[in-house]
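Chains as they are written, first to last, in the working numbering: chain A, 1 to 122; chain B, 1 to 93; chain C, 1 to 894.
Simulated from the structure, these hints should not be mistaken for laboratory data.
Among these hints, one or two may not hold up.
What the hints assert, rightly or not - Calculated cross-link-like contacts (lysine-lysine; reagent style DSS-like; alpha-carbon spacing at most 25 Å):
(1) C:Lys668 to A:Lys89
(2) A:Lys90 to C:Lys668
(3) C:Lys668 to C:Lys655
Residue-level listing of the chains:
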Amino acid sequence: MTARRVLLIEDEPNIIEAIRFILSRDGWRVDTHSDGETALAAIRTRAPDLVILDVMLPNRSGYDILHDLRRDAATKALPVLMLTARGQKKDRDLAEKLGVSRFMTKPFSNSEILSTVRELVG
Amino acid sequence: MARPGDPKFLARAGYRRRRMADAARLVPLIGAVLMLVPVLWPGTETRTSGAMIYVFVTWAGLIAVIGAMSRPLGRMMRDPDPGAEPAPAGDED
Amino acid sequence: MSFDVLVTLCLAYVLLLFAVAFWADKRAARGRMGWIRSPAVYTLSLSIYCTAWTFYGAVGYAARSGMEFVTIYLGPTLVMVGWWTVLRRLVRIGRIQRITSVADLISSRYGKSNLLGVLVTVLAVVGTTPYIALQLQSVTLSFDVFAGGGVRADGDSLTQTALFIAGGLAIFTIVFGTRNLDANERHHGVVTAIAVEAVVKLVALLAVGIFVVFVAGGGAGATLEAIDASEISEWHAGPARWMTMIFLSGAAFLCLPRMFQVMVVENSDERHLAIASWAFPLYLFLMSLFVVPIAVVGLDVLPEGANPDLFVLTIPLAYDRDALAMLAFLGGFSSATSMVIVAAIALSTMVSNHIVMPIWLNARKGGATVSGDVRTVVIQARRLSIAGVLALGYLYYVFSGGGTALAAIGLISFTGLAQVLPAMLGGIFWRGATRAGAAAGLSAGFAIWLWTSFLPSFGEAGLLSASVFTDGPFGLSLLRPQALFGIEGLDPVVHSVLWSLLVNAVIFCLVSVLTFPTPVERLQGAAFVNVFRYSEGAPGWTGSAVEAEDLLMMSQRLLGTAEAQLLFEGEAAGQGKSGYIPDVTPAFLEKLERKLAGSVGAATAHAMLLQITGGVSVTVEDLMKVADEAQQILEYSSQLEAKSQELGRTARQLKEANDKLVALSVQKDGFLSQISHELRTPMTSIRSFSEILMHGETMTPEERQRYSSIIHDETIRLTRLLDDLLDLSVLENGQVTLNEADWTLEAILDRAVAATERAGPGPAMTIDRDRAGERTRIRTDGDRLAQVFINLIANAQKYCDADAPRLRIVVRERQGRPVVDFMDNGSGIPQKAQAVIFEKFARVSDHRAAGGAGLGLAICREVMHRLGGGIAYLPGQGGAAFRVTLPRRQAEAA
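Taking the hints into account, I'd like the entire structure generated from these sequences.
Right, here's the structure in full:
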């Protein structure tokens, strides 16, 4: 069985490294992308089982990307875990309105992110 | 008027000028009084010729007096009072 | 002598006058005034006081009442002799206030009241019309003397002659009276022609007089005897009449529109008054010297029933002295024409300024902005008014049927116009005189005059029925026109003068005392009454800058400081100047006046601007006082309105405050959200990796080593962020203490370059320095400046994307201030980002390389601000370029 694939869209190198470490230990294949503008295209070509999406991305915000994902039939049901360092309630509300699968605030605990990823894809 | 410490001739000049202005105001009053004298004359005893002479002589006298004053008064208009107090001057009131 | 010769001579004389007027106008236009503005011409022009009424009528008067005629000349003599008191003041006021007529004087004095202007204008027209008719009548009668050889021609040809004369006078007056566009400019042509006519009439009367005394009468002594032997030998001047007539003629001399015109409006130099003060009484003296002899000889020589009003003409004719008669005719003609011309000019100015223009301006409210437009209208209005005034005179002449007693009409006219006297004298001597007082007094006097003098003048079968005379109107005997309040037995003239002027003056004073003047009235009152205090030896404002400043000060009082400054600043900017002081151009004044008119009314605004711009009569302090008062009154009267506005204003203020708070809150939210992000990001890494290490996952020692160092780095990043935040907060609150010392730029740059020399990722950056320029010595806080330089160099290291990154640091001097430019050879900062790079957390691109929180440039800006300099992005340098401007150097230490 091929490893389930996660596409991590995030621009902080240290966070990328942390998440990659956590998920790859659990048997996930982790691809990364760090630019907002080209993220959508990356999702389409890589066709991951799950997308972990940061909000504050260079050139395009995570919200915009989520919005476009949900409008496209091909990615409508794609599980999206959103991470943000801006943990206000209105951020969460906006993400939920846009159809996010799960919303998490940084900093997160490793076990939490792992269980969420498992849950979303499982 | 002649304040102590003022140069004497200036104070004198200013004094002269103000008295001249007083005179200029007085002349028409004197003239009016003189011209009203005929009112007192009894109607029947006065001759027109005499009245005529009185009126014309008085008139000529007035002209002469105001004529004599016209030059200094005209000068006063040209160069305002050098020795007068600054505000209302002796010129008015 | 034929009538045709007379007509030809008359036309030739008129042509001569035209030529004189034309020549004088031309000369004046070329600026060669010479004797045109001499005291002699001024004095002679005053002689329009001696109209045909005095030229012909005085002899008639003397033939009827002996010496009493002389009172008509004594009044003006006393006024002239007293020139220092009244006329000098009047002339000065006229010049300073640019007064155009009696009506204007009264209107202007009482706060530019148009009501008063109209009242005086109507009074003047009503009072002058019969007088003009009188002139037409005497000229036609004198023509008649020649034409019919003493026999009356038929009425039709007389009215025809009158029509021709009226028409000719209208043309002359229009041609020479409305040449100048500015009403206040002198009519040099007209005045010169009038001076010529004055000489002609004096010479004519003297010639006739000398002829009568020394040829016909046989010498001075014989003439005196003849006088004593004549019908008028007895002195029977009634005291009341004698006094009244002197007073009345003096008053009329001041108030007659035509006298005011030549005496005040046409006056070109106040000192001419000094000459005229004796020269004009002398003229009057000569004019009256031979009146009694002529009358006596006329009564003696001419047949019973001959019109004594025409003795001046008929005596020479009786002695067959045609040439002398001709001269006398021209004298009479001159008297009549000069009076009519000046009266028409004076009246037309009043009618156009106080009746036509207000109506016209009102009709096209707001539209009258083109000045050329208005000037044409003014000129047309004047021309029509002149024609109208002469038409009225002509019609009066035709309908009154040409009464015989000239003197009666003259006195009625005098009495009417003398009603202006209380308001005039009160206006120039008494600050307490008010508009209401003047209006009430004038109206009352005018009404009494109409009732007791003007209406009865049409005779018992005229406008008033006989029963009104005997029993009063509606049987009210107290109101009988010639016996008001039951006081009978007074001479009609004395009666009318006494009552009208007495009531006029009493009401004027009473109402003035009881009413309160408006600020403008007080301003004008002060300007008139204190005319010498302010104008003598005080040249006024000369420089236009001073004026503009005065205008600004005044406007601030009326408009409020902010609005006035805005207006002036805008105008200055429009003129390409900076600051608040524009040039005082007509356009600007017009704009300002309109603006001021919005708060204090048009008349006030106009008056106030005139005071400052035309400016000699009132000090700025006076204006300020009035302006303050006006402001207070405005405030007081608008208090109610203000109260309701207060609520609205409070609501608006609340809304504004709320908006501001919302904006602030949005800003703060954004800031907090940014900080949250900047704090949580490193914390995420730290937490993640520390959990990894904690849980003892299997990993290589290299991995363990690496993860620990990530945690370490992120901790440092957090610390730096907090340091930056604190630094920024301290800078923004101004709580920094600067340690100023003397530095060279080189030393500081050395420190900065050294601090940034750590082997970063990517190719090392070459830094080009400008050692010569860096020797510039400055006094500053070296640590803070180094902080800025470090930031800029570090930024260049982080963001310069060239293959061989290069940073040039150049020191220059601009406008006496040292500037340091940092220019790299990368791709620079996109234009839309340039505007925000100095804002907090404004990170332009991908910040993986940055390692900062985006506070660096914000801190740089604050630091430079504290150091008294600045920092800016320098576009168009090829790469990213920043310019640091240092404060102006102090005097360099030796």
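Hint check:
| no. | hint | result |
| --- | --- | --- |
| 1 | C:Lys668 to A:Lys89 | holds, 16 Å |
| 2 | A:Lys90 to C:Lys668 | holds, 15 Å |
| 3 | C:Lys668 to C:Lys655 | holds, 19 Å |
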